[in-house]
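Chains W and C are the protein sequences, given in the same order.
Take the first sequence: its letters are residues 1 to 311, numbered as in the numbering used here.
Take the second sequence: its letters are residues 312 to 694, numbered as in the numbering used here.
Keep in mind the hints are simulated off the structure, nothing from the lab.
A couple of the hints might just be wrong.
Derived pair list, reagent style DSS-like, types lysine-lysine, alpha-carbon separation capped at 27 Å [stated by the list, open to error]:
id: 1; chain 1: W; residue 1: K55; chain 2: C; residue 2: K456
id: 2; chain 1: W; residue 1: K123; chain 2: W; residue 2: K199
id: 3; chain 1: C; residue 1: K326; chain 2: W; residue 2: K55
id: 4; chain 1: W; residue 1: K124; chain 2: C; residue 2: K456
id: 5; chain 1: W; residue 1: K123; chain 2: W; residue 2: K53
id: 6; chain 1: C; residue 1: K326; chain 2: W; residue 2: K199
id: 7; chain 1: W; residue 1: K199; chain 2: W; residue 2: K53
id: 8; chain 1: C; residue 1: K456; chain 2: W; residue 2: K53
id: 9; chain 1: W; residue 1: K55; chain 2: W; residue 2: K124
id: 10; chain 1: W; residue 1: K124; chain 2: C; residue 2: K326
id: 11; chain 1: C; residue 1: K495; chain 2: W; residue 2: K124
id: 12; chain 1: W; residue 1: K53; chain 2: W; residue 2: K124
id: 13; chain 1: W; residue 1: K124; chain 2: W; residue 2: K199
id: 14; chain 1: W; residue 1: K55; chain 2: W; residue 2: K199
id: 15; chain 1: C; residue 1: K456; chain 2: C; residue 2: K495
id: 16; chain 1: C; residue 1: K326; chain 2: W; residue 2: K123
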Amino acid sequence: MDEASLAGPRERALAAAPVRVVSARVGLGRRLANLWSRRELLWGLVFSDIRIKYKNSALGIFWSMLSPAFTLAVYYMVFSLFLKNGIPNFVVYLFAGLVVWNMFLTAVSTATGVIVDRAALVKKVSFPREILALSNVGAAIVYFVVQVVVLVVFLLVLRHAPAWGFLWLLPVSFLALAAFSAALSVVMSAVNVYFRDMKHLIEVVLQLWFWLTPVVYSYENSIAPHLAAHGLSILYFLNPVTLVVVTFQRVFYVTPVVHSTVTGQVLNILPTWSFARFLELNLALLALSLVAFVVAEAVFGRLEGNFESEL
Amino acid sequence: MTTVIEVRGVTKQFKIHHERHQSLKERLLHPRSGSTELFNALREVSFDVGAGETVGIVGHNGSGKSTLLKCICGVLKPTAGQIRLRGSLAALLELGAGFQPELSGRDNVYLYGAMLGLSRRTVDAVFDEIVEFSEIAPFIDTQVKFYSSGMYVRLAFAVAVNVDPDILVVDEVLAVGDERFQAKCVDRIQHFQREGRTILLVTHNADQVRALCDRAIVLDGGDLVADGPTHESLRVFRERLLDDAAEHDPEKLLGTIQIESVTTPSGSFEVRSGAGAHLEVTVSSQGAFSGNFVVEVFTRAGLLVSRSDAQGAPVNLVPGVNRVAVDLPTLPLLDGVYDVNLGVVDALGHTVVAWREGAASLQVIYDGREGGIVALGAAVTQL
Chain W
1 MDEASLAGPR ERALAAAPVR VVSARVGLGR RLANLWSRRE LLWGLVFSDI
51 RIKYKNSALG IFWSMLSPAF TLAVYYMVFS LFLKNGIPNF VVYLFAGLVV
101 WNMFLTAVST ATGVIVDRAA LVKKVSFPRE ILALSNVGAA IVYFVVQVVV
151 LVVFLLVLRH APAWGFLWLL PVSFLALAAF SAALSVVMSA VNVYFRDMKH
201 LIEVVLQLWF WLTPVVYSYE NSIAPHLAAH GLSILYFLNP VTLVVVTFQR
251 VFYVTPVVHS TVTGQVLNIL PTWSFARFLE LNLALLALSL VAFVVAEAVF
301 GRLEGNFESE L
Chain C
312 MTTVIEVRGV TKQFKIHHER HQSLKERLLH PRSGSTELFN ALREVSFDVG
362 AGETVGIVGH NGSGKSTLLK CICGVLKPTA GQIRLRGSLA ALLELGAGFQ
412 PELSGRDNVY LYGAMLGLSR RTVDAVFDEI VEFSEIAPFI DTQVKFYSSG
462 MYVRLAFAVA VNVDPDILVV DEVLAVGDER FQAKCVDRIQ HFQREGRTIL
512 LVTHNADQVR ALCDRAIVLD GGDLVADGPT HESLRVFRER LLDDAAEHDP
562 EKLLGTIQIE SVTTPSGSFE VRSGAGAHLE VTVSSQGAFS GNFVVEVFTR
612 AGLLVSRSDA QGAPVNLVPG VNRVAVDLPT LPLLDGVYDV NLGVVDALGH
662 TVVAWREGAA SLQVIYDGRE GGIVALGAAV TQL
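One chain only, chain C, in its complex shape (with noise of 0.2 Å):
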């Protein structure tokens, strides 16, 4: 497999103006203002990306994700180390940011093409492509500042995807526009993963990561710290999350409650399709709180089947070791592994107090054929 993106000890730092010094006599007056600071943004990033490769990067506010980003599209220059990329690259980043109010669409699609590393010929063959996508082709010839938010966004979306490009890197666009525009977006960007391009996806929706992405990156306070399957950086991604929300946690509940294991009456994990799983969960707390449980049902891929959370009674735990059982009455599942998380979270459903990743394994038994996940049973009958 080729490397497309290749990034070496890369290491960012911003200058912080505590005090800007912009004006000339303040320049002067003040030669060596000592009131920057220091900022790394990045700490020695290092990964490769293969061909076709489509990696989620995850990290909440702040963890510098969009920063490495920028740094690969070459918005930002990396303070020490280096990039070095293969192949032609489009970035969705902030979608119309090169587009000029006062242009007419048209214009702004040459231009923005242009600012893309287009040539002429190369947007005029993919021209009615775009305006296609874009869904505003009566608009096409109206200056860019009568458009709605909606429109702008799609026209830019729709550039930057007809392009051609070999690598796409995506940031967080695929949280505007309307729904349908979104499954758009999120269709169009499996049709290139079909195509064998290359796609970073950086965002903190971790469903969206899971759904699309092989493989994920964890930044955290600008260091890489996790980076290989999707599932399992994701698991370092929610542990990094609830040792971040400890450090703010203005109860002091987190780390006070433990989830420690989680059996079953007969110690087997297998149920049989149809069936229910009964899960018995140790969990240990350090002091009384009464909460709600999280649980998630994933399938190997990283797909969603079922999240339930602070449904059914609250339960009461009090200090020292507490047994919980969570029932899943039913589980019309198709063969195969299904992971299950579990979590605590407070009586509102805003803090969540304790989280295991992967409690539990189930190996679901079924005996049909069927493709999917769910087990419906259809059945066809000559009337």
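So that you can see chain W by itself, here it is in the shape it has in the complex (with noise of 0.2 Å):
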């Protein structure tokens, strides 16, 4: 009788099973494969992260409805009462580019410090680390999800009607903010272990990144005229979230060209490009998001060998 027929069922499904490496070195394919099919702590996570936030709260995640409310009305009275920037029906402009903001700040924010945070974590329990900013990422867009219902409700109750034909270009744009929100989010959470003031420095950086995009003041009317100048309109695209910003916007708030509720002047407040030419553009940021997401593993995977002698 040969061996494996004296062995007992465990034993035969062990010779099967597949081996796993631990090594100082773990290539980029592996790494990724290795996320994937933890996906189900990732949920695990995002909903745990959620949970734990409004547990004790009576009004539970509707305070994650309440600061974006605030952002929103206060930013309203300032650019339509105070600095009156002259875009019609302003509020929906603001609320759609808000939306887009909200997450990717949440997300950035949050997860920036999450390796820190969770360091007795870290130390004990086997996982992909970057799961942990990843959940952030994840939890921001739950937020997100709610945030884009109430902007659907407003919209319902000022019966103002989207693009229709552009509506296509939100999943696309959609993915490519997330993918881009990831890979920095890995980055960041990483850099945070060896360098923990990090955390504030990036408060500061998303704050000049809000100013820098284009949502509560136009990007066509303010900035790009400038640019092109000098014929350096692609400049303002280094700025992945723009692009994202601007497609929302072009979503929701539709018409590209206004009056000014101030001058009466004619207003070109969102680029005029065709639905094509969004869709091109969209798609290739969601492509070179994914390339940041991928070269963000291979980032996080050179700094993660070293986080047990940091934290």
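Join these two chains into a complex; the hints should help.
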């Protein structure tokens, strides 16, 4: 009788089981495959994050609404009552851009500190560490979805129809944003282990980043002409969030050319690109963001080797 | 036999920061801060573990045994070398480290399960067993932060052992919980052994290793110094402990006293069960010393039959060669070979100054047909 038939079922199953390797360098492909195989942990962490955040609060997830609603109200008052930017129906324009910005902001600002905050877990339990950063991106996506639902209700109340023909841009644009946020979050969470003030620095950078993104002002009207004069239009789109914001504004706000409520002049507030052009740019951004995510994974892999002596 | 754990040339270096420069300003001011030191927690460690083996990893504090275990679990990445694992692995390292205090026990079972790599459906299937094993059914929907530390550990242990691991890694956890729970843990581990699972047990409790393991690996200062049958490895472990103690021995007593040889008056080490054994021990000493003898008797399977320490009158050793009689007045044991370990400790029993593992082997002869260790001579008669 050969050895295999003598062995019990457990041993036979074992002999067929795949071999896992723990070593200093793990290939990128294996890292990504490993990450994918642990996706269930990611969902688990996303929902436990959300549950923990609102466990002891009476209003629960509505708190995640209150802060964006407040921001919306403040910017609306400032830019349509005091510093009139002349954009008609400004609240829709603002809301469309703000949901995008909020997701990016929430993801990156919460993910940056997460490896340090969960040091106890990182040092005791084995799992792909970047899942912690990704779980914050996941939670940000959940809040994003809730805010989009509120935006839709808002539009229904205002009887403001979106640009139906452009609607299919949203999933592409959203995925690009999610991939870019994930890439940045993964890198930042690892860098923060080595430079602890990255957590504070990122807050400052994100504030600056907000004003570089056309959420409360219109890109075409305020900056594009100046850049175009020097042939530097492309410069503005180095900020990946801009394209996503502009796409969301194009879909929800609809009209690229309006009459200013202040001077009555014609304002060109959004790019007048066709659907095909928008799609092309968004697909390009999605591709670049996915590449950025893979690069982020590689960087994280290099940095995580020394986590335990830094935490 | 299938190899389930293959450790190949694993080295783990830690950077020790004497001054931590963790803020950006400090990093910029001291770009290559010189105050880090490399420390080798493991050096070129290699061994294989086959399916169904129970292997003990022993070593004193700082020997690298926990580092090795963490590398095997994937919590740490080796600096060089690699570890290949086959089959699923559950680790009982610092039980409950993965728990979220704000969540209920139920949610934590699922979350912890996911961390161990289990799908929700798999946890569903064993959820009731987990709750039953942990004995906290009434509190399963209470937030974990309200649990007592015992409940916390029980729940974590219950999850880890109910997830059907092929490899179970246990690190000192048997030292926690009350006695009854410890017994339950040991029972569970023995159950796992019978099921042919592979177990790695890290501890500095030699008795536990003797009781559970067929094989032991000894680590000392990051080096693998022994890998073999439990009793042989444990001999190395004890010798290393003595060597180590010698370095930190304030009175420089160690090494000055040696247990040279053990004989019997008749020259034979055969003993009839129930009779006694008289051992004559030759001890050389460089100085005068007053201390006690420790006598241990083990079965060949490594089970401790008896340990008597610091009992009876102290022995006064004089410089030169001393002869000491060790009397075992009665050995009511079953047929077999028993190993005797001898040691000399100081009067307070704190410091071992000499140790001889396997000082003598006694062949006990017994005609009865009982099973176990002790010859009780149970007799049954009709009344």
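Hints versus structure:
1. W/K55 to C/K456: This hinted pair holds, its Cα atoms lying about 13 Å apart.
2. W/K123 to W/K199: holds (20 Å)
3. C/K326 to W/K55: Outside the cut-off at roughly 40 Å; violated.
4. W/K124 to C/K456: holds (19 Å)
5. W/K123 to W/K53: holds (23 Å)
6. C/K326 to W/K199: At roughly 23 Å apart (the allowed maximum being 27 Å), W/K199 and C/K326 satisfy the hint.
7. W/K199 to W/K53: Holds, at roughly 20 Å.
8. C/K456 to W/K53: holds (15 Å)
9. W/K55 to W/K124: holds (25 Å)
10. W/K124 to C/K326: At roughly 18 Å apart (the allowed maximum being 27 Å), C/K326 and W/K124 satisfy the hint.
11. C/K495 to W/K124: holds (24 Å)
12. W/K53 to W/K124: Roughly 23 Å separates the two Cα atoms, so the pair holds.
13. W/K124 to W/K199: Holds, at about 23 Å.
14. W/K55 to W/K199: At roughly 25 Å apart (the allowed maximum being 27 Å), W/K199 and W/K55 satisfy the hint.
15. C/K456 to C/K495: Holds - the C-alpha atoms of C/K495 and C/K456 are around 24 Å apart, at most 27 Å.
16. C/K326 to W/K123: Status holds; Cα separation ~15 Å.
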